[in-house]
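Work out the full structure, taking the sequences as your base and the hints as a guide.
Heads up: the sequence lines are chains A and C, in that order.
When we follow this note's numbering, the leftmost residue of the first sequence carries the number 51, and every step to the right adds one.
When we follow this note's numbering, the leftmost residue of the second sequence carries the number 51, and every step to the right adds one.
Hints are computed from structural coordinates only; laboratory data are not their basis.
Among the hints, a few may not be true.
One copy or any two copies: either way a pair holds, since identical chains are not told apart in the list.
Claimed, not checked - Heads up, simulated SDA-like pairs for lysine to any residue below, C-alpha to C-alpha not over 25 Å straight-line: (1) Lys306 <-> Ala343; (2) Lys108 <-> Ala73; (3) Lys234 <-> Ile247; (4) Lys306 <-> Ala339; (5) Lys306 <-> Ala265; (6) Lys181 <-> Ala332; (7) Lys108 <-> Lys306; (8) Lys234 <-> Trp276; (9) Lys181 <-> Gly125; (10) Lys306 <-> Ala332; (11) Lys241 <-> Trp276; (12) Lys181 <-> Leu124; (13) Lys306 <-> Val344; (14) Lys306 <-> Gly336; (15) Lys234 <-> Gln381; (16) Lys306 <-> Gln203; (17) Lys108 <-> Arg69; (18) Lys234 <-> Glu253.
Protein chains: 2
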Amino acid sequence: MATVEIDTLKAVLYQALTRAGVAPNVAEVCARIHTESTRDGVHSHGIGRIPRFIDYVKRGWVDVDAIPTRVQQLGAIEVLDGHFGVGVTNALYATDRAMELAQEHGMGLVALRDTTHWMRGGSYGWHAVEKGYAAILWTNTESCMPAWGAAEQSIGNNPLVMAVPHQDGPLVLDMAMSQFSYGKLQSTRLKGEQLPIDGGFDESGHLSRDPGAIAATRRLLPTGYWKGSGLAILLDALAALLAQGRPTHAIDDVQKGSGGGSCQIFMLFDPEQLGGRDACNAIVEGIQAHLAAVTADASGRPVRWPGGSTWRNRNSVAPLDIDDGLWREVQALAL
Amino acid sequence: MATVEIDTLKAVLYQALTRAGVAPNVAEVCARIHTESTRDGVHSHGIGRIPRFIDYVKRGWVDVDAIPTRVQQLGAIEVLDGHFGVGVTNALYATDRAMELAQEHGMGLVALRDTTHWMRGGSYGWHAVEKGYAAILWTNTESCMPAWGAAEQSIGNNPLVMAVPHQDGPLVLDMAMSQFSYGKLQSTRLKGEQLPIDGGFDESGHLSRDPGAIAATRRLLPTGYWKGSGLAILLDALAALLAQGRPTHAIDDVQKGSGGGSCQIFMLFDPEQLGGRDACNAIVEGIQAHLAAVTADASGRPVRWPGGSTWRNRNSVAPLDIDDGLWREVQALAL
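In structure tokens, the structure reads:
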């Protein structure tokens, strides 16, 4: 493991991105978001995603100069076309725009189509709560998981983010519809371990905890079996409907890499106008206190709330441990 | 099993409800909704729920004369107080009101607080798609499931409904955050069977497929383990925030039965204003055709989409098979 200061990581990512042709202002934002994801422990969508992002830029799958344009304005709803621009800045733009609409209407819904991979969905949930807004956000994706009952990849893992603000520890959920990510399969396999529960199917079609066997079949298990499969299908249909864009099977045809041509939904809510800031804080504190007081199971660990451990990471300035090979690869991209 | 004509069931439910003091117009709606849920195969929230509903009415936990009143109007958002009125008619009122707002604004969000059990959440999803609207709906509940890592009931199962219309088979998802319902535990136990996958914890704290053992501990498994637990927590916080009402731990203190004092969210979208009816139909048809063409797993069954089997039930007028004892119990309530 390499030990890397946060500011060093950000500077190297900025260098790598500008060297790939990303404009300085866009590279600055992307370097910050990828650094934050790394610091928050989500290396797969932080530094780990930089080489692939740069590859997509070089292939022309991400248009680093495109900016979102408005397709429709309908009360508190705005539909944007992302023109295959940078997924991170497109998504931040949409989040900020939805906040403006929420300030005006109590809630804002921005639906973004023809965008590219937003990396870690949680980034926009954290962005929202740091500005004092509650949020429901999701994306559809290309097929990367079998529907329940299917032998082949046929639905997206369609990450869903929900967030409620509090200045001392907001609730932030960031969940994909697969029980585990490919990143988790890889890191578990490299440690020579098995998954703690079934995570997909092996070659013979049986449920398995073997990360290598699952990665080989690409038959990830939807979270909650039929339930996560159904939720992925509905998130897909609603994203395509609201953004007037592509559902998963049509994203498959775009062939511009993971997330290229996807739809994203950004619903932001202003607690100031919905009972007030104090009431929102009381809800978050009440839920956290309730969970803290619950009897733990046999693990003996206190019950955690979504966002709790990330919140602690986000307040740390300690240097980060980064995989040696990855760090060398990204440094080389910055030269 | 008793064989009961649909119209007979509805008439008997109407009689039972009016005999319990429910006004004719309210009883008419409730009898229809409970009959439809029974016909759709959801007996637990159809005829099966009538004795408990009538018990709640007799205890004064449901005020059969209360009607929702407006607390706040904010653009496309409306906050209602349900005054512990009948959950079904409160929820239908909220759905209809959200449709009116959606007609005006493209989307409508009605947040309802101090309401009672809405029975089967899917009823309102089906109601929405039959009127041509897409929907995202959910409720919070009292604690009925342990949070992930907890040994005791501490979160709600907080059912979530998502629906996208199509005149020949809409997509309708209706999922609780527990992997199985208590109704499913009971019916599986009565058949002397085991659950197909783990559904909760037994007395020794181990994951179990034994429906009797799980019902005894009341330690239901959240769907997707930590994921369904996290989603339940965020659905709870957002419901309480939007409705300016009670989160799960505060519903626990109300002590007016299951669902008494809960919050419900009704988000309705008008496809006419979001790309148009044809585009919405094309999304639904495209997803269904894609799933129909997918290679099935070892079961060999075609891959299903959420709402598909219910859609077929809804178009049937065949008499219903109803548990003998339950049918006698409900008939006695109607005398």
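Quiz item: What hints, given by number in increasing order, does this structure fail?
Solution: No hint contradicted; all consistent.
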